[in-house]
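K.L.:
Taking the hints into account, I'd like the entire structure generated from these sequences.
2 protein chains.
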Amino acid sequence: MLVVQKYGGTSVGSTERIKAVAERVVSTVRQGNNVVVVVSAMSGETDKLIGFAQRVSSNPADREMDLLLSSGERITTALTSMAIADLGVKSVALTGRQAGIITNAVFTKAKIERINTDKVNKALGEGKAVVIAGFQGVTEDDEITTLGRGGSDLSAVAVAAALKADLCEIYTDVDGVYTTDPNIVAEARKLEKISYEEMLELASLGAKVLQTRSVEFAMKYDVPVVVRSSFNNNPGTLVTREDQDMEKVVVSGVAYDKNQAKITVLQVPDKPGIAAGIFNSIAEANVVVDVIVQNVSVDGRSADISFTVPKTDSRKALEITQKLADDMGAKGVVVRDDLAKISIVGVGMRTHSGVAARMFETLSKHGINIMAISTSEIKVSCLIEAKYTELAVRVLHDQFGLEKQQ
Amino acid sequence: MLVVQKYGGTSVGSTERIKAVAERVVSTVRQGNNVVVVVSAMSGETDKLIGFAQRVSSNPADREMDLLLSSGERITTALTSMAIADLGVKSVALTGRQAGIITNAVFTKAKIERINTDKVNKALGEGKAVVIAGFQGVTEDDEITTLGRGGSDLSAVAVAAALKADLCEIYTDVDGVYTTDPNIVAEARKLEKISYEEMLELASLGAKVLQTRSVEFAMKYDVPVVVRSSFNNNPGTLVTREDQDMEKVVVSGVAYDKNQAKITVLQVPDKPGIAAGIFNSIAEANVVVDVIVQNVSVDGRSADISFTVPKTDSRKALEITQKLADDMGAKGVVVRDDLAKISIVGVGMRTHSGVAARMFETLSKHGINIMAISTSEIKVSCLIEAKYTELAVRVLHDQFGLEKQQ
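One line per chain: the protein sequences are L and X, in this order.
Be aware that the first sequence starts at 599, since it is given in the numbering used here, and climbs by one per residue.
Be aware that the second sequence starts at 599, since it is given in the numbering used here, and climbs by one per residue.
Some hints could be false.
Since the list can't tell identical chains apart, any single copy or any two copies may satisfy a pair.
Straight line, CA to CA, 25 Å or less: simulated DSS-like cross-link-like pairs of lysine-lysine [what the hints assert, rightly or not]: (1) Lys846 x Lys788; (2) Lys617 x Lys688; (3) Lys646 x Lys617; (4) Lys720 x Lys688; (5) Lys707 x Lys688; (6) Lys791 x Lys818; (7) Lys929 x Lys914; (8) Lys707 x Lys646.
Simulated from the structure, these hints should not be mistaken for laboratory data.
Every value quoted in this text rests on a predicted model; they were computed, and no experiment measured them.
P.N.:
Following this line, the structure appears as structure tokens:
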């Protein structure tokens, strides 16, 4: 079997941890597998380097930032390869460039364009464990790029796809994907299996186990991904194609996101193109709008438009909206940033009706007011007051029976 | 003027130091110069990385060691470029590979084979200060190499030669090259100017201001090198071609080396090829032999052969010699490692006679016994008991009037 194993920052956070990783790699090799290892920088290293950059420059160039940050992964790549070789398994360390990871030239958040696997395949053919620096690539013009936060997950999945690997294991410091945050619900249960679609909804909703782009990539190329801990031998959670078993379960997980601000434009004149104008301007400022609600007001000639943005962007969004509201003759703009978004996710919703209603009813029964709703095929999200977050997560987890074995 | 400036580890040892370096670069640019900067890793960084490697592996592969160690320079390169840009001068950071530094494939001590200056020249043409990672290069096969300890000096001189730069400034934490160690002789004086040949003798004799290979390179390509401090604005020492002025001075400096062990093979039978056998075997073990003395013993049929090796290699050299001595029927092998080598260096010796005699006389007058002598055109070295090192340096410095302005 050809296995790609990715180890995150805490998994390679010290030389002791790197030796533990090497032991796991060697044991996988000794079980008869070919292994490609993708590593992150030691935990804390990237933040240290960012701190350095901020101290020498008020506005570091993205290109030089990438050269700086790509160093961290090179260090762990070399050390991991040395540690594997020390245990008697031949190994070679490759930078992103040497591993053939070609990206576009958007520094600090480059996209992988293709992977030239020649060097990796050659090394695998020679019986070597191949260790690759995650998070980084190189442009056609030989410039060094990085893939953005969490980019090592993407490196691993992309390499697995390019090599047509049988499995991509993402090693981290948690045991897998849970039905919800175990810090809020003690009965939260680790999922054995979850579909790509569900994982995407959970990840983008704030369950930060696996980078969103890497899940999209895995889905596109049908790479089976296992999320598991490098600190124990528990089996982890398999992220894979949707199957019949999954559809029997109505809800797979409850997610929450406290980083929500709601902006409401009051009494917007009811003319065509007004809403488009607002959202275009906000998109141009690189602010991602999430939930959108429009209520026609009593007089029928104007409407209130509400939308949510990440709390960190609320100021920027407010400034833009305020200006537009003045121009279009709206009555005013109101912001609330004491809100949270609660979501239930599950592919079973496609075949089970009444799920949304059960959610609304449950929240209402516990006196939690719903301020906006958004739904997709496999997700229902409600905007509520942030102070009810933990309560809402707990009652929904209980209502949909998530603590029980599937 | 095109200036190459190299900054060593202490000069870029913190973000504050990097900002100070950036200010110096910017001021050089504002004086109307084109500037190429070569930087080392932050002081302590390389040792930290070596420590990591030793903790994960009992015998780290050279190839992976180079990947590991080359990271340190990349960090300072990116940071220095950012700091320069922050002061309003356009700047670009280049890795050894991006700067076109092509080496052979001898990992950990690669030799520069050629430099492709296209990218550097293009950036200079665009008015940018170019920052290059020292100590590293890349093979034709795209493997990352390092140039050995002190290799950043060599990077700087080689880049200066390739660009036909007008000057190569080596910034360090001392003011320049001194007539001797100021810790031993308070009157030691900074030299304004010194020839490449003298610098080579001083460097290889233990005055560790400038890496030996970089001086050889500067001499070969006639690159004027200035050694100066990045912590003040003192003018430093110019290392350049020998000129008439220099020849007026008999002795330029007094060097010492306490890392000396003397191995003596007693009563070696007087047959052809015996000495060659010993020195070949030692050379094969990568031990550098320095002074060699052979005394024919009283009976005329055997000789004592003595030679010195670095103290750190004395054990290895002894094992080899012992075995050979047994095979050839010599009487035995004796080692002394309480010795030091004192040397006087000066191009003036070429035109002044009696310099060696004055040295021997001075040592003898102070009761210092000479155990072996070796000479070159511009150098006389004596092996003495290590306990007399400081005394010998002081009396020779005084005897040749080195404290006086040239």
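K.L.:
It remains to establish, for every hint, whether it holds in the given structure.
P.N.:
Structure-based check of all given hints:
1. Lys846 x Lys788: within (17 Å within a copy, 85 Å between copies)
2. Lys617 x Lys688: within (15 Å within a copy, 43 Å between copies)
3. Lys646 x Lys617: both (23 Å within a copy, 17 Å between copies)
4. Lys720 x Lys688: Within one copy only: 13 Å inside a chain, 41 Å across chains, cut-off 25 Å.
5. Lys707 x Lys688: Only across copies: Lys707 and Lys688 sit 23 Å apart there, 33 Å inside one copy, limit 25 Å.
6. Lys791 x Lys818: Within one copy only: 18 Å inside a chain, 67 Å across chains, cut-off 25 Å.
7. Lys929 x Lys914: For Lys929 and Lys914, only the intra-copy Cα distance (20 Å) is at most 25 Å; the inter-copy one is 89 Å.
8. Lys707 x Lys646: The answer is within: 19 Å in one copy meets 25 Å, while 30 Å across copies does not.
In terms of the numbered hints stated before, the structure departs from none.
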